[in-house]
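*Asks:* Residue numbers (our numbering), protein chains in the order written: chain P, 10 to 410; chain H, 95 to 576.
Simulated from the structure, these hints should not be mistaken for laboratory data.
Fair warning: there could be bad hints in the mix.
What the hints assert, rightly or not - Calculated pairs, EDC-like style, for lysine to aspartate or glutamate (alpha carbon to alpha carbon, straight line, at most 20 Å):
| # | chain 1 | residue 1 | chain 2 | residue 2 |
| --- | --- | --- | --- | --- |
| 1 | P | LYS135 | H | GLU342 |
| 2 | P | LYS350 | H | GLU424 |
| 3 | P | LYS380 | P | ASP201 |
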Amino acid sequence: MVLSSRVLGRAGEVGANSRLNVGIVGNGLISGGHRGFCLSQSQTHVVALSDVKRNMLEKAQDEARKAGQPSDGYNDYRELCAREDIDVVFVTTPDHWHAAIAIEAMRNGKDVYVEKPMTLTIEEGKAMRAAVARYGRVLQVGSQQRSDKTFLKAAELVRNGYIGEIREVVCKLGSFAPPSQFAEQPVPDTIDYDRWLGPAPWEPYNGERVKGNYGGGWRRFWEYGSRKNGDWGAHHFDIVQWALDMDESGPTMFVPKGYQGESHQYHQYENGIKVIRDGDSRGNMIRFIGTEGEVLVGRSNKFSTTPADLKNVVFKSGDTRLYAVASNHRQDFLDSVRSRKQPICPVEIGHRTATICHLSGIAERLGRPVKWDPKAEQVVGDAEATRMMDRPRRGPYSLPV
Amino acid sequence: MKFPISILLTGALAGQLWALESSALSAVAQKYSGASPDAQYAATVELNALIDRSVMPGEGDPQRATRAVLELLAADATPAEAKKYLLRALARVATVDAVDPMVAIYLGGDEVLADEARQVLTCIADPQAVESLEKLLERATDKRAKLSLINSLGMQGAASSAPLLAGHVVDADPEIARAALTAMVRIGAPSEAPLMGVGESGQVADAVKADLEKAQVAVTTSGDLLATLQTSGAAAAVRTAALVARLERADADGKEALIKGVLKGSDAGLRKLALGEGIKLKLDNLLEGLAKSMDRLSLDERVVVLSNLAESGADGTALAIALERLKNGETPERVAALHALAALGSQPAFEAVLAATVEKDPVINRTAANVLSMVEYPEAEALLLAGVKAGEVTAIRALNYRKVEGAGAELIKLIKANKQPAAKEAIRTVMISATLDDLKALAAAHAEISDGGVKKRIASTCERIAKSLDSDEARTIANGLK
Numbered sequence: 010m011v012l013s014s015r016v017l018g019r020a021g022e023v024g025a026n027s028r029l030n031v032g033i034v035g036n037g038l039i040s041g042g043h044r045g046f047c048l049s050q051s052q053t054h055v056v057a058l059s060d061v062k063r064n065m066l067e068k069a070q071d072e073a074r075k076a077g078q079p080s081d082g083y084n085d086y087r088e089l090c091a092r093e094d095i096d097v098v099f100v101t102t103p104d105h106w107h108a109a110i111a112i113e114a115m116r117n118g119k120d121v122y123v124e125k126p127m128t129l130t131i132e133e134g135k136a137m138r139a140a141v142a143r144y145g146r147v148l149q150v151g152s153q154q155r156s157d158k159t160f161l162k163a164a165e166l167v168r169n170g171y172i173g174e175i176r177e178v179v180c181k182l183g184s185f186a187p188p189s190q191f192a193e194q195p196v197p198d199t200i201d202y203d204r205w206l207g208p209a210p211w212e213p214y215n216g217e218r219v220k221g222n223y224g225g226g227w228r229r230f231w232e233y234g235s236r237k238n239g240d241w242g243a244h245h246f247d248i249v250q251w252a253l254d255m256d257e258s259g260p261t262m263f264v265p266k267g268y269q270g271e272s273h274q275y276h277q278y279e280n281g282i283k284v285i286r287d288g289d290s291r292g293n294m295i296r297f298i299g300t301e302g303e304v305l306v307g308r309s310n311k312f313s314t315t316p317a318d319l320k321n322v323v324f325k326s327g328d329t330r331l332y333a334v335a336s337n338h339r340q341d342f343l344d345s346v347r348s349r350k351q352p353i354c355p356v357e358i359g360h361r362t363a364t365i366c367h368l369s370g371i372a373e374r375l376g377r378p379v380k381w382d383p384k385a386e387q388v389v390g391d392a393e394a395t396r397m398m399d400r401p402r403r404g405p406y407s408l409p410v
Numbered sequence: 095m096k097f098p099i100s101i102l103l104t105g106a107l108a109g110q111l112w113a114l115e116s117s118a119l120s121a122v123a124q125k126y127s128g129a130s131p132d133a134q135y136a137a138t139v140e141l142n143a144l145i146d147r148s149v150m151p152g153e154g155d156p157q158r159a160t161r162a163v164l165e166l167l168a169a170d171a172t173p174a175e176a177k178k179y180l181l182r183a184l185a186r187v188a189t190v191d192a193v194d195p196m197v198a199i200y201l202g203g204d205e206v207l208a209d210e211a212r213q214v215l216t217c218i219a220d221p222q223a224v225e226s227l228e229k230l231l232e233r234a235t236d237k238r239a240k241l242s243l244i245n246s247l248g249m250q251g252a253a254s255s256a257p258l259l260a261g262h263v264v265d266a267d268p269e270i271a272r273a274a275l276t277a278m279v280r281i282g283a284p285s286e287a288p289l290m291g292v293g294e295s296g297q298v299a300d301a302v303k304a305d306l307e308k309a310q311v312a313v314t315t316s317g318d319l320l321a322t323l324q325t326s327g328a329a330a331a332v333r334t335a336a337l338v339a340r341l342e343r344a345d346a347d348g349k350e351a352l353i354k355g356v357l358k359g360s361d362a363g364l365r366k367l368a369l370g371e372g373i374k375l376k377l378d379n380l381l382e383g384l385a386k387s388m389d390r391l392s393l394d395e396r397v398v399v400l401s402n403l404a405e406s407g408a409d410g411t412a413l414a415i416a417l418e419r420l421k422n423g424e425t426p427e428r429v430a431a432l433h434a435l436a437a438l439g440s441q442p443a444f445e446a447v448l449a450a451t452v453e454k455d456p457v458i459n460r461t462a463a464n465v466l467s468m469v470e471y472p473e474a475e476a477l478l479l480a481g482v483k484a485g486e487v488t489a490i491r492a493l494n495y496r497k498v499e500g501a502g503a504e505l506i507k508l509i510k511a512n513k514q515p516a517a518k519e520a521i522r523t524v525m526i527s528a529t530l531d532d533l534k535a536l537a538a539a540h541a542e543i544s545d546g547g548v549k550k551r552i553a554s555t556c557e558r559i560a561k562s563l564d565s566d567e568a569r570t571i572a573n574g575l576k
């Protein structure tokens, strides 16, 4: 099959240096960095924004206008996804909306950058994986620590045995105040509250419930996220999966704090490695403890090792290198959109990490250990926990396919 | 079909253990009555804990738990607010016993409880639950109710619901038609035939036709769907999805024909997909054809080609393409070419990447530096060491990116010789990668050198190395040079 010039032709659409048209769904707290990035790049052009909070939407539109990229605003994300001229969609809503919006975007031919954790339930992750394959799309999960050179080096040291066999990993997640049941307040006319809730159970409006706030807000509630297991676990458990070479698998046991006197929540892999939540991390985000040393890592280039000179290791030929260019996570996504290669955190990885977040939460809520078969992706021997792999969806909101 | 729950529950709920569970649940439910939000939340936690405990694997009994909750739901004394949370808990544990009571609640007139009851029915994996949902859909008139019930049937995934759902695909309301399509796909119809039938009937609303195409793609297993879609003006997303589906199922000849057909066309999305797949499938002579025609492809397409080169199985041609694009390409394809060279390996690949580490363009030199240690070329270390010995700056700097045994000693020799620019580069490199042994060797060199300027530079370097190594021994060595 020698292809003649005529056969190869020249692509009629997407020009050589053409910009990617961007739509952003969810324009609250977490979207600012993504929006700012897309508005400042010559490779991207923001054309549409969506939010059910009118003031957030108008603020984002104002920002886009000032950047010379006046963007249409939508209350209903489905209208944004239906636009033929959009190439990529950033999904930066609360967690309970991630899967529905991402799949809707993919079935409309968009490539997707979705914030972490990728989903609210394990079954949503399976549905997203199917959609990526079915529609031939690129999907990047916003676990940006994978694009951080410090975490990369930590994972490579662990993966290549520089601290011997791993015995334990400690992850610092912190805690939220307990979810509560705030008093009902009148629904402001600046929010489409029914759509904000979407598939989540009906609860009366309260400003705290819908607030985007790193210290609480909707993140406190099981209905919209996985609390700290999803909020920080999606980052740190993800790095642990990466370092332990478990990206396409996962732990087999999840034990909640308090069960039979356990002082910490943990999950455990089949090979015995325990990942302990909020144990002694020595002030770091993640502490890998091996038979011959330790790797301690956090954001802002926080990195130390035992022995100390281990941090200066230059990897030798034959060492497993995890990723070539640790740079900007969003840039990695845009590069993948163009090259049609897998990004650094594709759907499978995002799904497997989110699965850990969700199973940790299920064990916590049930107050008992949950056994997991990572190959079959099924809970073992617990019908209630099995049912919690998904959640019923409030009418009329459904998960697209 | 409307019947009070109390009638359904009469009599069947006896037993000592049962009574205990029921009374405990009832006591918790009463805590909702007139309680503050915080107290209500505490009650919900307690309620869930009781129900979760009652279905513990190996110890609990979901049927008993179901009946206990149902009894409480039927009791007039149970506060209305508690019922919502009882239903949510029930969704996690309910057995088929809950089907009729849930239907009763659904039809009972309380909008919030009705939807909670529907969600319980959605979670009961039993034909009776499916049948109830189907009957409720048949009598539903409200749009929101129809959408919700259609979604429930999709989640239940029973093939028996397909005919009922197919009837809703031709609903005049696009939202209902779309929901029905989604449910049918979720059910996993055996082929696209039923949906094609709906489409060909001409009854489907114009606003839903694109969704019908997507649904057809999602369930497609047979027929020439791609050709149908390409001639029907289907949306780009549908065409891509159809090609993905077709490639998955086609045999080798079929794949080649599909890819060739797509590359004759001008659909940018399909062409990129076909190029990547064609290279990965190692189609005969495809790469040779591309090597002669790269300039006729768009930048996006060239990047796709480069990104897939390593999987082409034609290393000679692939290497030639990557080297040529690294030399003459635009920045994105030069980055892709560097990655391709790293994966392809060989001496020319290694040398090209090495040379790129000292280019002026920061995107290129950073990428080259990052991929240098990944170039699969067994002689790379020997080549670098020879370069270091010869005082080549590029080789010295490369030691920051690729470890070479014995290079530390060579760097110290360069520092001692103080021949520029090699010595300056050697100091920079040694500061980044030095081990305790290197520090000791450097300190020894310090003692042997008489040039005051060089001694000062070495002492300063040792101090920075000691700081990085962060050990008492290292600090002692460095302090001894002051």
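*Asks:* If a hint holds in the structure, say so; if it does not, say that too.
*Replies:* So, going through the hints one by one against the coordinates:
The hinted pair formed by LYS135(P) and GLU342(H) meets the criterion: a straight-line CA distance of about 19 Å does not exceed 20 Å. With a C-alpha separation of about 19 Å, the suggested pair LYS350(P) and GLU424(H) falls inside the 20 Å cut-off, and the hint holds. Annotation: proposed proximity of LYS380(P) to ASP201(P) is violated, straight-line Cα distance about 39 Å (limit 20 Å).
Violated hints amount to a single one, hint 3; each of the other numbered hints is respected by the structure.
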